[in-house]
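Visitor: The primary structure of each chain is shown beneath.
There are 2 protein chains.
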Amino acid sequence: MLTIHHLQRSQSERIVWLCEELGLSHDSYTLVLHARRPDNGLSPDALKAVHPAGSAPVIVDGPIVLGESQAIAEFLVNKYGRDATTGKPKLTVTLEDGEEKYAEYLYWLNFVNATLQCAILRSLNFKRVENVVPEDHPTRAFIRANLHKGLDRLDARLTKVEGELGGNGDAYLIGDGLTLADIMIVFSLTTMRGFYPLDLSAWPAILRYLQRIGKREAYQRATSRNLLASELTL
Amino acid sequence: MLTIHHLQRSQSERIVWLCEELGLSHDSYTLVLHARRPDNGLSPDALKAVHPAGSAPVIVDGPIVLGESQAIAEFLVNKYGRDATTGKPKLTVTLEDGEEKYAEYLYWLNFVNATLQCAILRSLNFKRVENVVPEDHPTRAFIRANLHKGLDRLDARLTKVEGELGGNGDAYLIGDGLTLADIMIVFSLTTMRGFYPLDLSAWPAILRYLQRIGKREAYQRATSRNLLASELTL
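In the order they appear, the protein sequences are chains A and B. Going by numbering that gives the first Met the number 0, the first residue of the first sequence is number 0, and it counts up by one from there. Going by numbering that gives the first Met the number 0, the first residue of the second sequence is number 0, and it counts up by one from there.
Don't take each hint at face value.
Copies of the same chain look alike in the list, so a pair counts if it works inside one copy or between any two.
Claimed, not checked - Straight-line alpha carbon distances no greater than 20 Å define the calculated SDA-like cross-link-like pairs of lysine to any residue that follow:
id : residue 1 : residue 2
1  : 47        : 140
2  : 47        : 60
3  : 126       : 136
4  : 100       : 44
5  : 100       : 64
6  : 47        : 61
7  : 159       : 52
8  : 78        : 98
9  : 100       : 63
It should be emphasised that the hints constitute simulated quantities derived from the structure, not laboratory data.
Work out the full structure, taking the sequences as your base and the hints as a guide.
Guide: If you want it as structure tokens, here you go:
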């Protein structure tokens with residue numbers, strides 16, 4: 000039996016939303032809800048007892064105890080999320096779908112944690128020392144510029160896809176179909192802003208994209224189960 | 000024709016090493032070497048002209064211009080690195096290889112950029128403000144503890160694999176065969192220490208692992224071509 004450990008307002012939002020997108024029956028997995036420690040907002044000790052990283056998400060599946068949201072997402076679509084007819088993992092793009100589409104998919108999927116989420120975390124760290132490190136300190140300015148450049152690229156990408164679809168489709172990162180790249184990125188653009196107050200008004204295509212995400216039935220189901228902190232941010 | 004843009008002492012070391020491990024003939028791709036700017040050590044403008052991220056690695060393959068080292072690694076093994084007999088991409092693990100091995104592969108592959116490299120970058124940022132943020136500042140101590148916990152997990156993993164192989168095999172992250180997880184992690188444990196002076200002596204299994212990596216013929220070929228800054232670090 001699959002168990003998913005979900006911590007409120009954490010990267011595990013990706014996984015509970017993914018399960019809704021895959022249409023996994025709520026009977027087919029056990030959801031363990033964890034709350035942040037009231038004293039410091041960090042992960043509770045109960046999560047450390049599940050995985051040495053002590054952070055969410057973690058899944059347990061028989062002998063497997065797996066952390067890292069991107070690893071979990073790939074594991075779940077491969078084991079539990081295959082198309083009944085073709086056998087292909089849902090929400091993924093492969094080389095056989097075309098080299099250019101595959102390259103875009105790989106780029107945006109890995110952009111999330113390798114670049115965007117890390118840039119937000121670095122900005123958040125500096126927010127916490129803002130009383131001693133001035134706003135215009137070269138390191139702080141460098142990190143902020145990096146984050147903004149990443150958001151520029153993302154906004155340009157979404158604008159391009161919107162243009163290609165001519166306003167008639169639901170523009171996601173890799174065209175008109177949702178993929179794991181979208182599943183990964185939305186947390187960083189929404190709930191993460193509850194930790195780091197990132198104003199997205201300079202990136203209107205990102206805001207339009209988040210509105211589209213918020214209209215998805217699976218996203219609304221996860222929200223209605225109180226699994227996403229999306230009221231903060233969409 | 001495939002072109003690989005390599006910046007000295009950067010994450011593109013992963014890609015030039017990968018090409019050697021895949022046994023790609025040096026005639027089968029064009030290697031463009033970039034040097035860091037002498038004034039500030041950052042990427043040169045020539046890289047910004049190739050990809051808006053302005054950082055390495057970038058590959059160009061026909062109409063495709065692709066950044067993000069993990070995306071490039073996956074693209075290359077799928078397009079250029081398939082086993083001649085089975086057609087399977089080399090250096091990868093799939094669900095068909097066993098669920099537990101697949102889960103370990105996904106975890107360590109994604110641990111690199113999502114957790115380890117980000118923790119080192121965060122530590123490096125704080126090194127650059129160390130004159131104003133004291134060593135024992137809670138944020139600085141938190142980041143350092145996170146990095147050390149990640150290294151503890153890695154050391155424990157390598158010790159476990161060494162034990163399972165009984166000293167008779169070459170212990171890598173996912174057993175006795177090199178995978179993309181190893182290709183991704185070595186830069187963060189070697190050349191990255193030229194930017195952030197991380198002393199690995201508290202993690203002896205990691206040091207033994209790096210010694211094993213350094214004995215690989217493909218790694219030595221990349222070193223002898225002056226593509227890796229490995230003299231710093233192994």
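Visitor: Give a verdict on every hint.
Guide: The hints, checked one at a time:
no. : hint      : in the structure
1   : 47 / 140  : between (35 Å within a copy, 19 Å between copies)
2   : 47 / 60   : within (17 Å within a copy, 44 Å between copies)
3   : 126 / 136 : both (12 Å within a copy, 13 Å between copies)
4   : 100 / 44  : neither (42 Å within a copy, 27 Å between copies)
5   : 100 / 64  : between (32 Å within a copy, 12 Å between copies)
6   : 47 / 61   : within (18 Å within a copy, 47 Å between copies)
7   : 159 / 52  : between (38 Å within a copy, 17 Å between copies)
8   : 78 / 98   : between (24 Å within a copy, 9 Å between copies)
9   : 100 / 63  : between (32 Å within a copy, 9 Å between copies)
Violated hint: 4 only; the structure is consistent with all others.
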